[in-house]
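Given the coordinates of chain G, work out where chains W, Z and B should sit on it, guided by the hints.
What follows is the residue order along each chain.
There are 4 protein chains.
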Amino acid sequence: MSEYFKNIKKINFEGKDTTNPLAFRHYDPDRMILGKSMKDHLRFAACYWHNFRWPGADIFGDGTFNHEWLKASDPMEQARMKADAAFEFYTKLNVPYYCFHDTDIAPEGNSLKEYVNNFQTMVDVFEQKQVETGMKLLWGTANAFSNPRYMAGAATNPDPKVFAYAATQIFNAMNATHRLGGENYVLWGGREGYETLLNTDLRQEREQLGRLMQMVVEHKHKIGFKGAILIEPKPQEPTKHQYDYDTATVYGFLKQFGLENEIKVNIEANHATLAGHSFHHEVATATSLGLFGSIDANRGDAQLGWDTDQFPNSVEENTLVMYEILKAGGFTTGGFNFDARVRRPSTDLEDFFHGHIGGMDTMALALERAADMIENDVLSKNIAQRYASWNEDLGKRILGGDLNLEQLATLSVEKNISPVKESGRQEYLENIVNGFIYK
Amino acid sequence: MSEYFKNIKKINFEGKDTTNPLAFRHYDPDRMILGKSMKDHLRFAACYWHNFRWPGADIFGDGTFNHEWLKASDPMEQARMKADAAFEFYTKLNVPYYCFHDTDIAPEGNSLKEYVNNFQTMVDVFEQKQVETGMKLLWGTANAFSNPRYMAGAATNPDPKVFAYAATQIFNAMNATHRLGGENYVLWGGREGYETLLNTDLRQEREQLGRLMQMVVEHKHKIGFKGAILIEPKPQEPTKHQYDYDTATVYGFLKQFGLENEIKVNIEANHATLAGHSFHHEVATATSLGLFGSIDANRGDAQLGWDTDQFPNSVEENTLVMYEILKAGGFTTGGFNFDARVRRPSTDLEDFFHGHIGGMDTMALALERAADMIENDVLSKNIAQRYASWNEDLGKRILGGDLNLEQLATLSVEKNISPVKESGRQEYLENIVNGFIYK
Amino acid sequence: MSEYFKNIKKINFEGKDTTNPLAFRHYDPDRMILGKSMKDHLRFAACYWHNFRWPGADIFGDGTFNHEWLKASDPMEQARMKADAAFEFYTKLNVPYYCFHDTDIAPEGNSLKEYVNNFQTMVDVFEQKQVETGMKLLWGTANAFSNPRYMAGAATNPDPKVFAYAATQIFNAMNATHRLGGENYVLWGGREGYETLLNTDLRQEREQLGRLMQMVVEHKHKIGFKGAILIEPKPQEPTKHQYDYDTATVYGFLKQFGLENEIKVNIEANHATLAGHSFHHEVATATSLGLFGSIDANRGDAQLGWDTDQFPNSVEENTLVMYEILKAGGFTTGGFNFDARVRRPSTDLEDFFHGHIGGMDTMALALERAADMIENDVLSKNIAQRYASWNEDLGKRILGGDLNLEQLATLSVEKNISPVKESGRQEYLENIVNGFIYK
Amino acid sequence: MSEYFKNIKKINFEGKDTTNPLAFRHYDPDRMILGKSMKDHLRFAACYWHNFRWPGADIFGDGTFNHEWLKASDPMEQARMKADAAFEFYTKLNVPYYCFHDTDIAPEGNSLKEYVNNFQTMVDVFEQKQVETGMKLLWGTANAFSNPRYMAGAATNPDPKVFAYAATQIFNAMNATHRLGGENYVLWGGREGYETLLNTDLRQEREQLGRLMQMVVEHKHKIGFKGAILIEPKPQEPTKHQYDYDTATVYGFLKQFGLENEIKVNIEANHATLAGHSFHHEVATATSLGLFGSIDANRGDAQLGWDTDQFPNSVEENTLVMYEILKAGGFTTGGFNFDARVRRPSTDLEDFFHGHIGGMDTMALALERAADMIENDVLSKNIAQRYASWNEDLGKRILGGDLNLEQLATLSVEKNISPVKESGRQEYLENIVNGFIYK
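Chains as they are written, first to last, in our numbering: chain G, 1 to 439; chain W, 1001 to 1439; chain Z, 2001 to 2439; chain B, 3001 to 3439.
Honestly, the hints are just simulated from the structure, not real lab data. Please read these numbers as outputs of a predicted model, since none were measured by experiment. Each hint can be trusted.
Derived EDC-like pairs: lysine to aspartate or glutamate, alpha-carbon spacing no greater than 16 angstroms straight-line:
1) Lys3439/B with Glu316/G
2) Lys161/G with Glu1414/W
3) Lys439/G with Glu3316/B
4) Lys113/G with Glu1406/W
5) Lys439/G with Glu3014/B
6) Lys2327/Z with Asp2372/Z
7) Lys1010/W with Asp1351/W
8) Lys161/G with Glu1392/W
9) Lys396/G with Glu1207/W
To be clear about the criterion: a stretch of chain Z counts as covered by chain W if any three or more of its residues have a C-beta under 8 angstroms from a C-beta of chain W, and this derived list gives those stretches:
10) 2311-2321
11) 2337-2348
12) 2352-2358
13) 2420-2429
C-beta: ideal position from N, C-alpha, C; glycine also.
Here chain G stands alone, though its shape is the one from the complex:
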């Protein structure tokens, strides 16, 4: 077995004063924070697709990377080489989890039967790799968007045969995830949307997607998979409009199909911003609706209108996200998966490490800052005080349903009520947060 990352040793914590760019400055896996190790809080995963499958191409240019493991001409041999490279990388990166799509790890072949065989073979390989390395699977998923057959949707395709093809992939990917001890199963509907309303039946496609989700949930229970089923919202790209637009949209969808207690969300930072929301907003919305599952950690570019999938590097942004997650009790089955890739001109193998190290240090520092905020929780106290009168008489009667509109109006006019102005103190609170981040 070849070594692909020859000059790179396992990445270790060396502290913030290190000058070694291939070391962690903040991510200290065993350091205890709020009674739990950093490793167990953050549950980092590195992904398969961006690191091992992507050749460094974009829509205007060819691949720049020239990876050794993509050079085998036989597809199954290439799959094994990719697996070798991946587990070497994961181990050296010192990351406990990984994530994959079915078609990342095995060639699709020329027919559904070939797909099934190839995939089974590679799942065996992965099972062995996990034993050898101790790596764990954060989540698995099926790629039902890249193959031309999915150009008009997978579950939402006008052709039920395409639905069936996708369902077969999902069946296999779920079973593999279960067998490999995966802690979640993710559904990202990259082509579950439309290119033009002129050829689309929105109601029909929604029914199809709803049925698929129900089948997935039934299958989960049937096989005894204990992990979470997660939908990953994204507003558009590749299609003009995707049905899993954002967390609020997913919530309505789940309610329609009675799935709001069965499926949660995998929130990606860059998908949040493409949907016109802050990353913080999407996480806070999910926790407030009881839908929070996992995170695809990355960042977009505030000036670009597509999914740039850059590594997270803002402690400021992620401290608020981390705070929200801690407030909600932290991850259960979820974790931070780096759905992120180095820039196309970052062509050294070291760059793949720099990207992840930067992302891991960013999240570790955000965790540390957020834990401080939790321990001395000025924000929560301020909020509790701000809404305190909803626990008093009038507030309770309104929310308790004691007063109908007429009774409330009559009572208000009789008392000629005149609410007192209270500052929202946004700037003060922003300063408080910065006080935790920069100390």
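Then chains W, Z and B, alone, in the frame of chain G:
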């Protein structure tokens, strides 16, 4: 009683070859289209706020209009002058409906009691005006966003007294709408959102908003109001994030509070585009979810990130919207309300007519083109054919729940299914649509 | 020689009532408009890259098209097959011009020498094809952005060898364009920008780009090329920021290097909107600065933040663009090149015709409407009248430089001037325009 | 004279561990950084308009603030009260500079003559205030955008009388700035743009604006004003499109009128992002073009499409900006003016201090981090190395003009050049920067 629009006579249909800018070129109220008059299809309304209350100010500049009817120093006298101007304008514009906020038509006064008295007095005036002119009320609403007391929300305010104040306005505005024969009651939550998550309890605010909606629906039934209750989605502005972001978000909210059969949406073109959707998308989403109610007809500017509320002038855009509405059976209680305003430098009184005339001609032409599309419905036929195999065996078994995931996968692998590629024909369909618009 | 578009005959004008989707409804090449044929006004070109080189892939999915002409395993054989397909298509489409990048028509080979040889061979083929078909070249260009060597820029690369490589391609592409009778030479700097400011020297890169432009202009004069040199502005994508952001930015660049009389712009609709401008704005800016050269006719999607390169289908938008072009005297060397592609799911060969036919009919109709506006030029008359007082005493003295700031202020205070408000009449003018479009 | 900020004492540096929200945690005015005091590096200014003139209104709601100093009914008395409040605030805030518009400090009156008289009176007051408090004027400007007369532009108005009115204001504001020892004079063309191209002559308006700029520069020299003349770019808002769109656009404009050595830019963070650029980009572009003048320090909201003018609070963003400024030699006449305002619900007088304190601490910390980066300049070294070969033979010959296109191509083919791929190392560099920010 003064005449405010002195040199302007009633606007009439003169046909597309007219050179009179103060005539309709396409809106011919009594012309029959698909068995119904244009007037009854379009149900045009002109609004009170942009035309009679707005002084022509923007955030960087003072009012440019200097309207005569805003010059009285006594607020109630001003309110009567505004009403005179408004009904003169509506009558001359030849528009059957109008819309208002409570605080557009009566001064708020210095206390809740004064508000109630002023409003009652002006509702009497409006009742009389309607009799005199034959004008009808498309919808009424309460302004619970302009007064400083609502700076942190109305129903979602941290102070239940503010909720009570808003509820009192809504109670009065609903009763007035009922008494004036209004056909809908609208809720736009301009401040129902947040400025910063740092001081906001999302779950709490959602409960408050849900309770208000339930109170409104209960009150509707209590007073026997037969019109529709409508929520108007908007993503942001004035707040950073509003809870009624878009139609899909409203759907989830309604499902949570069991209101999906009680409340529909009033879709505004410019709000759709600010939310990152096409106007067509929002209307199609609403009809597909059974939520379609009414339209605030206007347009945004594709390059500007705020609500410009310009008059609709794209027949291309509105033909598709009109087609969607006709396909769904047309308006029932809803209509096209021009929530639109002339540009700040359009300072002649004629400009207010030009804006509305342009908007009405645009929608009338869109109706004509869309009706043609309905009569010769290439798009629907194409869609029916595209999804036809969902009515065949495999499709029926999938949607009917006959197959679980394993069964479907097994069946697919056994048959080694291989779906056949079918073009989506988007460009062909776009040409078809243009063939209807430009003939 | 194979026929690739077997069931398709030459596209002809059949008039707006035709039901034949493979006919022009509005583009009647020989119809005279304002004393010139439609063909000579519009100067349509179809491009090489989207139609013959693109396999129907996007960043999330593989190619859907499976074109016959891309199946040859030998690169030069494939190049010849592509050329056969292209000229068959162009001829059947009835379009007088085409456009290409050097690497569209010939394989790059494994070295610069191979590139030169391959390209020369294929230029011979093209010369012959032009003779056989009567096709003309609207413009040629060099692709200095797809090859990995250009990942950090071509002229703006940190390595002068990359500059030299790009210069060699441009030298060859300019010479080929000249030999093939091309009417323009285009420079699109897809990678002339930055991914991150952290590794970029803006001043240095600007100098490099300026030097390249000067070399191009010098070479043009040296070889006696009479066509125009055109820069194609684009704000970003593929890079985070491109130096040719928009027309105004290009103007500043040209002024710095003394090239404002030597280089014009090739404006693309979708690039305009990505830059935060309307297409109309970019064309009007270019004509007002004397920089207008040619058009890449397409459209973007108002909800998507990347270059969708869809076919133009808005007569409303393009009538204003066409009006601006006619007002400026029409094209000289430029034309409308369809830098547009069918959607990925539009997998029938007919779809490539539908896309172009729709685009050509859209522009033809826009020409007809705009010509009408020119003949009865309400807008120009209105503008002349609006600014008329700049031709009177005070206006002339100000613009003529007769008055310094102090003199003008003194004069204004002495007269205590008080300007009179004049309406901008935007809605009236919008109605006028719609009156020309919909008659 | 009343005290308006009664419970607030002068804000002092107390260090990062202070729990006093009305103290600086990072801004220590006399601390030396790179041989200069923080105060002299940062040159903070607080503005007049947002703090003392704005009532807390937005386009959807009335003023929330109810400031004491806005309650006088006589306009000149109100102007004096505002001045008292302002200088009390500035002094307590411990900020060395302030900025104003002419119409912020004196009522416009009912005629040009009244304007001149009122303004002169108030400039006398300000001169006295400066003496009493030691406050200095960073810059003055004239408001030629709020009054209805400017609805269609000031210098770019179709009516030369409006140009003359604006010129008179500018004349007075420049003279006042000179007299008050102002260090810069700013031109922000809020209405120098268009609402619609349908009524606009772009070429004419550009000439008018160019002439005004020349008059301003001539007047500067005439009166011996030694400060800088600054244009403040903004892309849109209030108008649909403003001519001073961004720094690159301003550069082209200055080149056209021969003013590139006479006028610099005042860059606002929020204007940068509205123009589709990062704040860092605008500053780096200005320094690379030799146009950098001053900064309007604030931030926008990444999800909102209008000018929110929030206080800066990102050390991450501003460290890069500060680094760019330090690299270019720091401010000369410019400084950081807080063109920022508290949110509308921040209704306590303390909030005005919290906003500024947060902004000042953010910039102070950014200065400290950036100074560290300068002292140990990894980025500059990396850049120098990256472009090093431009100082070698081939690079020098290309940039020096020794080689024409043909010579360069010939030489390249002869050598069959093949550039070597070099990683751009973006992620590595981002980690380096974070290493400076978080230590």
